[in-house]
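Note that the protein sequences, when read in sequence, are chains P and E. With the first sequence counted from 1, adding 38 to any position gets you this note's numbering. With the second sequence counted from 1, adding 2 to any position gets you this note's numbering.
No lab work stands behind these hints: they were computed from the structure. None of the values given here were measured: they were computed from a predicted structure. Watch out, some of these pointers could steer you wrong.
Derived DSS-like pairs (lysine-lysine); straight-line CA-CA distance at most 27 Å [what the hints assert, rightly or not]:
| id | chain 1 | residue 1 | chain 2 | residue 2 |
| --- | --- | --- | --- | --- |
| 1 | E | K5 | P | K50 |
| 2 | E | K74 | P | K64 |
| 3 | E | K73 | E | K135 |
Examples of chain E residues toward chain P, derived with CB under 8 Å [claimed, not checked]:
| id | residue |
| --- | --- |
| 4 | L52 |
| 5 | E77 |
| 6 | R79 |
All C-beta atoms in this analysis are idealised placements derived from N, C-alpha and C, irrespective of residue type, glycine included.
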Amino acid sequence: MNIFKNISNSIKALGDAVFFLGDILKVVFSGRVRWPLVLEQMYYQGVQSIVIVVLSSMASGVVLGLQGSITLQRFGAREFIAPLVGLSLLRELGPVFTAFIFSGKSGAGITAELGTMNTHEQIQATRVLGVDPVEFLVVPRFLACILVLPVLVIISEMIGMAGGYVVGVCHAQVPSAIYIRHTLQSIDFVDFFSGMIKTFFFSVIIAWICCYQGFFTTGGALGVGRYTTRAVAFSYIAVILSNALLTMIILTLWG
Amino acid sequence: MIKVEHLSKTLGEQKVLDDISFQVASGEIVAFLGPSGTGKTVLLKHLIGLLKPDCGSVMIDGKDITQISQKKQLEMRKDFGYLFQEGALYDFMNVFENIAFPLREHSSLSEEQICQRVREVLEMVDLHDVETKIPSELSGGMKKRVGLARAIVLGAKVLLCDEPTSGLDPIRSYDISNLIRQVVKKIGATTVITSHDVENSLRIADRIAILNEGHIEVMGTREDLLSCPRPFVKEFLKPSSVAL
C-alpha cells in the first residue's frame, strides 16, 4: 500500500514540477524578466563560485595530466597528454565537474534561500503584495543559473587545460610548442560545442530542481536542510543520467 | 464590505472551516478568536484568495474573489494589507526597501515621493531611525510595526491581521493592538484580525467572533460575548473576564 502511495506521490510531485517549469517559462517568454535582479543573482551565483571552480578545475587538469603521462609513457606516447587532457575536459569533465560544483554551491544556495523565504512566509507575502513570486524570486535565479554555468564551464576548461599544460611541460617534459600544437590540432569546434550543449541542459536541470525544491520547502529549519540536501542529490543524479543520454545522442550525431 | 457565505474547507483529512457565513461592514474591525488550530489563519487566507474554498463564496465589495483568475487576484490585492504573524519582511531588504516595495511595484510615485510616504507610514506606526536596519536587527514588536507599515503603505481598503500580538509580552501586545485600532480608524480600512489574545481583541474590535472546530460559535459585540451562555464561550473567555 505504501509503495503505491509513494509512487502516486512521486508522480504528483513530477507533475507539480512540470507545471512549475511551465510557470517559469510563461514569465520568461512573456518578457516579464527583471534584469537587474538577474544580474544580481549572476553575481552571487557566478562571481562567488569562480574561486572554487578555478581550484577544482586546476586540480582535475593536473590529476588528468599526471595520470595520463604515466599511462601514455608506457606506450611511448607522452606527447598525447595534450589531446587527452583537452578532449576529456571539453567533452566530459569540464561540463560535468562544473555542474556538480555549481549545484553543490549555487544550487544549494538557491534552494536554501527560497526555502527559508517560504518557511518565513516571504513567498506568501509577495503574493499578498500583489506580485507574482515566480517572476520576482524564481525567474531571476533560474535565468542567472542558465547564463552563468556556461561561463563557469569555459573558465573551468581553460584552467583545467592550463593545469594539464603545466604537468605536460614540467613533469612529462613535453616541449611547450608541441603541447600547444597537439592541443589545437586535436580539438574541433564540435568538441567544444557538444560540451556546451550538455552545459545548457545541466544548467536548466539544476535551476529547475533547485528552484522547485526551494519554492515548495516546508517544515521550518529542518525542512530547509532536508530540501536543500534533496535538491543537490537530485541535481547530481539528473546531471549524471542526462550526461549519459546526451553523450549517446551527441556521439550518434557527430561522432 | 466583506461578505462570506457558506465557506467550507478541508485540509488533508480535517474539516478546517465548516459552513462559515458572516459580514464585515466598511471600516469595521472584526476579531476572530479561538484556540490554536481552529482555522483562523485558514479563514484569513481565504479572504485574500491565497486558498480556494471547497464551497462557498467570499465577496469583497460585491466581487466574489473565489471566482476570479490568479492575475485578477494579484491586481485586487493592491487594495489589501496583510499583517503576517512574524511580519514576513524580506531578509534581503532593509526596513525602508521593505516598505517602499509595494509603492515601487504598484505606484508611479517618484523616488522622493516614495521616501516621503515611507516616512509618513513609519511615523504612523511610531517607528523612528530604523529605515536602514535589516529585519534581523529588529525586535518582534518592531517587525510587526514594520509589517503593519508595509501593509498600509498603499492605503489598504481591507486590512487582515494574522495573530498581531503573538510572541509579544503583555505591554507590547497592548501597544500593538492600540496601534492597529488607531491606524485602522485613521485610514478607514475594513479590518479582520485573528488572534487568541482575548483581552486585547475585546478591547479594540467592534465585533468579535469565536471560532470552534471550524464553525462560528458566537459573533457579536463585546457585551454580546460576555453575556453569551454557551459553555465553550464562557470557558474561552474565562481567564480574561477577571481582568475585564
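Exercise for the section: Tell me, in ascending order, the numbers of any earlier hints that this structure violates. Expected result: Structure breaks hints 1 and 3.
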